[in-house]
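When you get a sec, could you build the whole thing from the sequences and use the hints?
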Amino acid sequence: MDERQIKNVLEAALLAAGRPVSLDQLSALFGKRGAPSRDAIRSALATLTDDYADRGIELKRVASGYRIQIRRNMGDWLMPLWEERAPRYSRALLETLALVAYRQPITRGEIEEVRGVAVSTNIVRTLQERGWIRVVGHREVPGKPAMFGTTKEFLDYFGLTRLEDLPPLSEVRDLEGLIPELDFPQTLPQQDFVDGLSDAAEAEEEQAAEEEAGNGVSVADETPAAQVIPLQRPESA
Amino acid sequence: MDERQIKNVLEAALLAAGRPVSLDQLSALFGKRGAPSRDAIRSALATLTDDYADRGIELKRVASGYRIQIRRNMGDWLMPLWEERAPRYSRALLETLALVAYRQPITRGEIEEVRGVAVSTNIVRTLQERGWIRVVGHREVPGKPAMFGTTKEFLDYFGLTRLEDLPPLSEVRDLEGLIPELDFPQTLPQQDFVDGLSDAAEAEEEQAAEEEAGNGVSVADETPAAQVIPLQRPESA
Amino acid sequence: MESTDKPHLTLVPGMPPPITEGPGAPAQGEMPFALVEGEPVTELPRDLYIPPHALKVFLEAFEGPLDLLLYLIKRQNLNILDIPMAEISLQYTKYIELMQDMQFELAGEYLVMAATLTEIKSRMLLPRSEEAEEDEEDPRAELVRRLQEYERFKQAAEGINELERMDRDVHQASGEVVERKVVTKLPDVTLKEMLFALKAVLDRADMYAHLHVQREPLSVRERMSEILTRMQDKQFAEFSDLFSAEEGRMGVAVTFLAILELLKEALIDIVQSEAFGPIHVRAATASTQEPINQPS
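Chains as they are written, first to last, in this note's numbering: chain R, 54 to 290; chain G, 54 to 290; chain V, 482 to 777.
Treat the hints as calculated values from the structure; they're not laboratory data. Among the hints, a few may not be true.
[What the hints assert, rightly or not] Only pairs whose alpha carbons sit at most 30 Å apart, straight line, appear in this in silico BS3-like list of lysine-lysine: (1) Lys113/R / Lys60/G; (2) Lys575/V / Lys602/V; (3) Lys197/R / Lys745/V; (4) Lys745/V / Lys60/G; (5) Lys555/V / Lys602/V; (6) Lys666/V / Lys205/G; (7) Lys662/V / Lys205/R; (8) Lys666/V / Lys205/R; (9) Lys60/G / Lys197/G; (10) Lys745/V / Lys666/V; (11) Lys575/V / Lys537/V; (12) Lys205/R / Lys745/V; (13) Lys555/V / Lys575/V; (14) Lys60/R / Lys205/G; (15) Lys60/R / Lys113/R; (16) Lys60/G / Lys662/V; (17) Lys537/V / Lys555/V; (18) Lys113/R / Lys715/V; (19) Lys662/V / Lys205/G; (20) Lys197/R / Lys575/V; (21) Lys715/V / Lys205/R; (22) Lys745/V / Lys715/V.
[Stated by the list, open to error] Covered by chain R, per the in silico footprint, the following chain G stretches (three or more residues, Cβ under 8 Å): (23) 54-64; (24) 67-77; (25) 120-129; (26) 169-180.
Every residue gets a Cβ at the ideal spot worked out from N, C-alpha and C, and that includes glycine.
Put into C-alpha cells, the structure is as follows:
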C-alpha cells in the first residue's frame, strides 16, 4: 500500500467523520495484516497537510485527534451559507414606521395614542437596528421621552429622495383612489396587504404578479416615488 | 479571481455546508461585484471533480445541488467509523417507494392495486418522515385520497439529479401472442416523470444540468468509477 | 441464485445481512434467503413440500398473493404469458391451505386471489361459442396484466435498493467549521405595505382630523427632525446657520416653518443674548427655560 492510497483512506475517513479522529482509530482502519505503520500514517497525514497548504481547508491536530477543518479566513466567503431569513415584519411595526415617517418627530407615547395599543420596545429597537428611525431629541415633558424621526437610510430603502415624496395623508386616506396613480395592481384588494403581511409566500407571489403585470411599468417601491407619483402638495388646513 | 481561488472557495463551502449546495447558492458566495460567471463556477466544479478523480472522495451532482461525498468503494475501509449501520428497508417499503417514484402522483389505493396487498400506514409514515415522499394533492374522488410524490431529498438520498435518472422500468413483455386485442403500452409514458416535476426549482436545476451536459463538463456521476480508484479491498482480519 | 429464472426472493426483512466471512459461510453468490433455526436456507424448496419449521419464514417472505403467484410461475419456469391455470390455481390453493393450517395470519387478499384463480379456471373449462370467443378476452388477461405490472415494480424496487444510497454506500464529506458567522437576512418591506399599514391605523383610530397631521407639509416634518438632530450634536446652533441659501426661497421657508413648529411644540429654545446679536437655537431643557425673543 503506497502513501497515496494511505492518504486517500485517511482523507476519506476524516471527511466522513466530520469530527476529530485519533491516530489509533485511523490506524484501525487498515486492519491488522499489512497495515501501514504509525509512522507511515503520520507521514501521510503530513503530506495531506501540505496538500491543503494553499486551499480553503486544513488538517489540524487537536486534543482528540486529527480533523479537517475549514480555514478561519474562509469565514467571510461562507457567510451566505448560514444566512438566516428573519420573519416578516408585523403590522404593528409597519404602522409604527408609517407614523414615525408622517408625524416625526414623534414619541412612543404619541404613536401609542394614535394606534390605541402599546408599542413594544422590540418594534422600536428593530426599526432602530434596521437604521430606519432614530432618536432625534427628547420631549420636555416628565420622563423626557425620546422623539423619533426617519433616517436617510429609510428614504434610500424606499427609493425616496425626500420625505415629501411620500404621498400626502389625504391620499393615503383614499388609497384605493391612489392605486392607479401608484401603479398598484388593480386586482389587489387592500385586505391582502393588511392581512397577508405575515405570509411571505403570498408577498412573493404578489411581487411575481407585479413583475409579470408590469411590462415596462415601474413598480412603485422600486422607483423613486417622485417620478412616479404626481402628487400635489397637501393643502394646508 | 482565478480558478484556483474559485475552486478553494467552492471546496470549502461544500465541505462546510455538509449538505448539497445549489449552483445559485454557490454563486451567491461571491457576492455581486466581480463575481465569477456561472460558467466559471461550473468550470471550477469540473476541475474539482478531476482533482478528486483518484481520491476517496468525489464531487457529485444531486437534485438540490452539489455535494462532496465519500466514494462508494471506500465503504469497506471506513466501516469501523460507523457506529450504527444504515437502516435496511423492507421490500414492502421499497416497492411502495418505487410506485410513488415511477407513478407519481399516486394514491395509497392505487399503490395497493398494483401490489395486491394493503399498504401499511407505517410504511407511508416512515417514507414521509424520511422526507422521501410527500402529499402533493388530493384526488377528486370520494374520500379525496391524498396523492403522493417524491421529494428532492429522495433524489439527493439516492444520488440522483432528477427522476429520469432512476433506472428505467422494465418493459412489459409482449402479450400479443396471447391476447392480440389488448393494447398494452410498450413503455412507461414519459409523462409519468415529467408530470411529477411540478417543482419549478427542480425544473430549473434540470435545465442547468442540461446546460452543463452541453458544456462538455463532466461531473463525478458520469465518470466510470472503475477507472478511478485502484484501491485494494481491505484484507479480512 | 444466479440464473434469472429462479425466484426473485430477496432477504427476509429483519434477517441479518449475508455472512461473508468465517467458517461455514456460504460460497460467494449463494445468499441465504432465510435463517431457519439458525441454519441458512439458501435454496427455495423445489416442490410444494417445505419443512414445517421453515414454512412460516418462507411464507412471510412473500409480499402478497401476486408475489406468491409470480414465485410459483417462475419456480416451474413457466411463461407468464401462458399460465396453465389448473396447475397454478391448485398449487396456490395448497399454499393457502398450508397457511391456514399454520394459523398464519392470512391477509384477505390471498383468499380473494384464490377465488379469482378458481373463477378463471372455470371460465376456461367452459365451452364457448366462436362468437363469444371473439368478444371475450382471454380470462387470464387481467391476471397476467396485474402480474406483469407487479413484477415491473418489484424489479424497480430492487433497482432503487441498488442505487448508491446515502449513509449506506456513500457518505457526506464535511469539514469542521470552527466559527460560524451567521447573518440574518432582513425582511423586505414595500412602500405600499407601509402605506396600507398607515391607512389601517388611521381608519382604526379615525383621528385623522384632530391629529392635524397634514397641517405641515412633510418637508417641514423632515426638517424638524434634521434640526433636532443638529441640536443633539451641538448644544447650540446659530439661527442663520440653519438656513441654506442653496435651497432657495422654498427651502428657507420650510426651515423657518420647521423652527416655528419646533418652538410651538417646545422642542427648541431660541436665545438672543443681546439686541441685534446673533440668535442661537438650542434644544429645549426644562431648567434653562429663558425668556426668548421669538421672531415673528
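Hints, one by one, checked against the model:
Distance check on the hinted pair: Lys113/R and Lys60/G sit about 21 Å apart at the alpha-carbon level, within 30 Å; holds. With a C-alpha separation of about 15 Å, the suggested pairing of Lys575/V with Lys602/V holds against the 30 Å cut-off. Between Lys197/R and Lys745/V the CA atoms are separated by roughly 17 Å; this keeps the pair inside 30 Å, and the hint holds. Taken as a hint, the Lys745/V and Lys60/G pair is broken in the structure, with Cα atoms around 65 Å apart against an allowance of 30 Å.
Taken as a hint, the Lys555/V and Lys602/V pair is honoured in the structure, with Cα atoms around 19 Å apart against an allowance of 30 Å. Of the supplied pair hints, the one linking Lys666/V and Lys205/G holds, its CA atoms being roughly 25 Å apart against a limit of 30 Å. Of the pairs offered as hints, the one joining Lys662/V and Lys205/R holds, with about 28 Å between alpha carbons and a cut-off of 30 Å not exceeded. The suggested pairing of Lys666/V with Lys205/R holds, with an alpha-carbon distance near 20 Å, which does not exceed 30 Å.
At roughly 50 Å between alpha-carbon atoms, Lys60/G and Lys197/G are farther apart than 30 Å, so this suggested pair is violated. For the hint pairing Lys745/V with Lys666/V, the CA-to-CA distance comes to about 42 Å; that exceeds 30 Å, so the pair is violated. Of the supplied pair hints, the one linking Lys575/V and Lys537/V holds, its CA atoms being roughly 15 Å apart against a limit of 30 Å. Under the criterion of a C-alpha separation no larger than 30 Å, the hint pairing Lys205/R with Lys745/V is consistent with the structure, at around 26 Å.
Distance restraint check for Lys555/V and Lys575/V: the Cα-Cα separation of roughly 17 Å lies within the 30 Å cut-off, and the hinted pair is therefore satisfied. Distance hint between Lys60/R and Lys205/G is unfulfilled; the C-alpha atoms sit about 33 Å from each other, more than 30 Å. For a cut-off of 30 Å, the pair hint linking Lys60/R to Lys113/R stands: about 15 Å separates their Cα positions. At roughly 21 Å between alpha-carbon atoms, Lys60/G and Lys662/V fall within 30 Å of each other, so this suggested pair holds.
This hinted pair checks out: Lys537/V and Lys555/V have alpha carbons roughly 21 Å apart, not beyond 30 Å. A hinted pair counts as satisfied when its Cα atoms are at most 30 Å apart, and Lys113/R with Lys715/V does not qualify at roughly 54 Å. Under the criterion of a C-alpha separation no larger than 30 Å, the hint pairing Lys662/V with Lys205/G is consistent with the structure, at around 27 Å. Simply put, Lys197/R and Lys575/V have alpha-carbon atoms about 95 Å apart, too far for the 30 Å limit, and the pair is violated.
For a cut-off of 30 Å, the pair hint linking Lys715/V to Lys205/R stands: about 20 Å separates their Cα positions. For a cut-off of 30 Å, the pair hint linking Lys745/V to Lys715/V stands: about 21 Å separates their Cα positions. For a cut-off of 8 Å, the count of residues in the region 54-64 of chain G with a CB near a CB of chain R stands at 4, and the three-residue condition holds. Note: the region 67-77 of chain G has 5 residues with beta-carbon separation from chain R under 8 Å; the three-residue rule is met and the coverage holds.
For the region 120-129 of chain G, the assignment as covered by chain R holds, since 4 residues bring a beta-carbon within under 8 Å of that chain's beta-carbons and 3 suffice. Counting residues of the region 169-180 of chain G whose CB lies closer than 8 Å to any CB of chain R gives 0, which falls below the minimum of 3, so the coverage claim is violated.
Checked against the numbered hints above, the structure violates hints 4, 9, 10, 14, 18, 20, 26; every other hint is satisfied.
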